[in-house]
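Keeping the supplied structure of chain W fixed, place chain B upon it in accordance with the hints.
2 protein chains.
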Amino acid sequence: MKKRKVYILRLSHRPQRDKRSTTHLFLAARALGADGAFYCGEKDEKIQRSIEKVNRSWGGDFEVSYVTDWRKIIREWKEKDGEIVHLTMYGIPLQEVINQIKISHSPLLIVVGGPKVPKRIYELADWNVSITSQPHSEISALAIFLHELFEGKELSISFNNAQVIIVPQAKGKKILKLNR
Amino acid sequence: MKKRKVYILRLSHRPQRDKRSTTHLFLAARALGADGAFYCGEKDEKIQRSIEKVNRSWGGDFEVSYVTDWRKIIREWKEKDGEIVHLTMYGIPLQEVINQIKISHSPLLIVVGGPKVPKRIYELADWNVSITSQPHSEISALAIFLHELFEGKELSISFNNAQVIIVPQAKGKKILKLNR
Numbered sequence: 017m018k019k020r021k022v023y024i025l026r027l028s029h030r031p032q033r034d035k036r037s038t039t040h041l042f043l044a045a046r047a048l049g050a051d052g053a054f055y056c057g058e059k060d061e062k063i064q065r066s067i068e069k070v071n072r073s074w075g076g077d078f079e080v081s082y083v084t085d086w087r088k089i090i091r092e093w094k095e096k097d098g099e100i101v102h103l104t105m106y107g108i109p110l111q112e113v114i115n116q117i118k119i120s121h122s123p124l125l126i127v128v129g130g131p132k133v134p135k136r137i138y139e140l141a142d143w144n145v146s147i148t149s150q151p152h153s154e155i156s157a158l159a160i161f162l163h164e165l166f167e168g169k170e171l172s173i174s175f176n177n178a179q180v181i182i183v184p185q186a187k188g189k190k191i192l193k194l195n196r
Numbered sequence: 017m018k019k020r021k022v023y024i025l026r027l028s029h030r031p032q033r034d035k036r037s038t039t040h041l042f043l044a045a046r047a048l049g050a051d052g053a054f055y056c057g058e059k060d061e062k063i064q065r066s067i068e069k070v071n072r073s074w075g076g077d078f079e080v081s082y083v084t085d086w087r088k089i090i091r092e093w094k095e096k097d098g099e100i101v102h103l104t105m106y107g108i109p110l111q112e113v114i115n116q117i118k119i120s121h122s123p124l125l126i127v128v129g130g131p132k133v134p135k136r137i138y139e140l141a142d143w144n145v146s147i148t149s150q151p152h153s154e155i156s157a158l159a160i161f162l163h164e165l166f167e168g169k170e171l172s173i174s175f176n177n178a179q180v181i182i183v184p185q186a187k188g189k190k191i192l193k194l195n196r
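The listed protein sequences derive, respectively, from chains W and B. Positions 17 to 196 (the numbering used here) are the ones given, in order, by the first sequence. Positions 17 to 196 (the numbering used here) are the ones given, in order, by the second sequence.
Calculated directly from the structure, the hints in this document are not laboratory data. Don't take each hint at face value.
Intra- or inter-copy, both count: the list cannot distinguish identical chains.
What the hints assert, rightly or not - Straight-line distance between alpha carbons at most 27 Å, and here's what the computed DSSO-like set of lysine-lysine pairs gives:
1. K69 with K169
2. K132 with K35
3. K189 with K118
4. K59 with K35
5. K169 with K118
6. K69 with K118
7. K69 with K35
8. K132 with K193
9. K62 with K132
As the structure is a prediction and not an experimental result, all values here were calculated from the model.
Next up, chain W with everything else stripped away, as it sits in the complex (with noise of 0.2 Å):
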């Protein structure tokens, strides 16, 4: 699979209201072939224990980080060449961006808002990206991004030194445990 360093930056996040919903997408980002993530807003220690606890059982190395200011991180990322992608529900659709998005081979960060992005990200983003125009879920948008990212090739990842393993079954359930 082609090696575009790809992270998430996941805006104000609250441990009480969004505990799940940030989890569930740090999962689907590692999941589907992205190497980390950044989230600001309030610390939350248990999402980071609960990825790395995924990490340990399941395989490669996803990494979590608070920050307590996106514009640093944005920052960062562009004197380093990187390049930013925010998904909006108001902004180009996906399918008529994806084409120039993928030319680039510089680290790319995905910003996926809270609730009130700021009006900063719209400008500071080199494109801003609908997956349809219509009221969804920040998961379902990133899994839909980084599948046309990675042209489906994300879905055959192996992960290293899991410690289980899914032998896929057309009926049933089949793990393997190692002892690493």
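Only chain B this time, still in chain W's reference frame:
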């Protein structure tokens, strides 16, 4: 867009824990071209109201119904020659079965589990399908499934009778409000 009837069946909804995730699952299903959803577990009128509110503003007629017993829906579905996909990380990879699934034009029921899916579901499903064999989210799994099923055409659906329409922008937001 090819109009194959597609419904979601969400198992074992628990209002306290799953309110947002089931709502987001149904919003994703709606935005990405499904016709409606059933759910079982505990009845939760808030979810139905949220989706109706979205339909009123954003158009379309995605329907949500509570069912007391998943066995009944599945039996009725099979009697009407409908087909059943169960999304599970233990199933056959999407990329290996999607072409088979797309051949038919029969109504399709997509079963999405909560925790502890009954073994019987694996047996009753025509296809147990995995969207990677890694843990992530039912929302991301459903999104990628629908995106592949509808071949990306779901990204351009227009919804009937919308009161609110977004006009895609490279930067910023543009919303049309229609008086109907």
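We went through each hint and held it up to the structure:
In this homomeric assembly, K69 and K169 come within 27 Å of each other (Cα to Cα) only inside a single copy, at 25 Å, whereas the closest approach across copies is 37 Å. Proximity of K132 to K35 under the C-alpha cut-off of 27 Å is found in both arrangements, the shortest distances being 18 Å within a copy and 21 Å between copies. Only between protomers do K189 and K118 lie at most 27 Å apart by alpha-carbon distance; the minimum there is 24 Å, versus 36 Å within a single protomer. Taking the shortest alpha-carbon separations for K59 and K35, both the intra-copy value of 11 Å and the inter-copy value of 23 Å come in at or below 27 Å.
Taking identical chains as interchangeable, the C-alpha atoms of K169 and K118 lie at most 27 Å apart whether they share a chain (14 Å) or sit on different chains (20 Å). Within a single copy, K69 and K118 get their C-alpha atoms no closer than 32 Å, and across copies no closer than 36 Å, so neither meets the 27 Å cut-off. In this homomeric assembly, K69 and K35 come within 27 Å of each other (Cα to Cα) both inside a single copy, at 16 Å, and across copies, at 25 Å. Taking the shortest Cα distances, K132 and K193 sit within 27 Å of each other only across copies (19 Å), while inside one copy they are farther apart (43 Å).
Taking the shortest alpha-carbon separations for K62 and K132, both the intra-copy value of 24 Å and the inter-copy value of 23 Å come in at or below 27 Å.
Comparing the model with each numbered hint stated earlier shows that hint 6 is the single one that does not hold.
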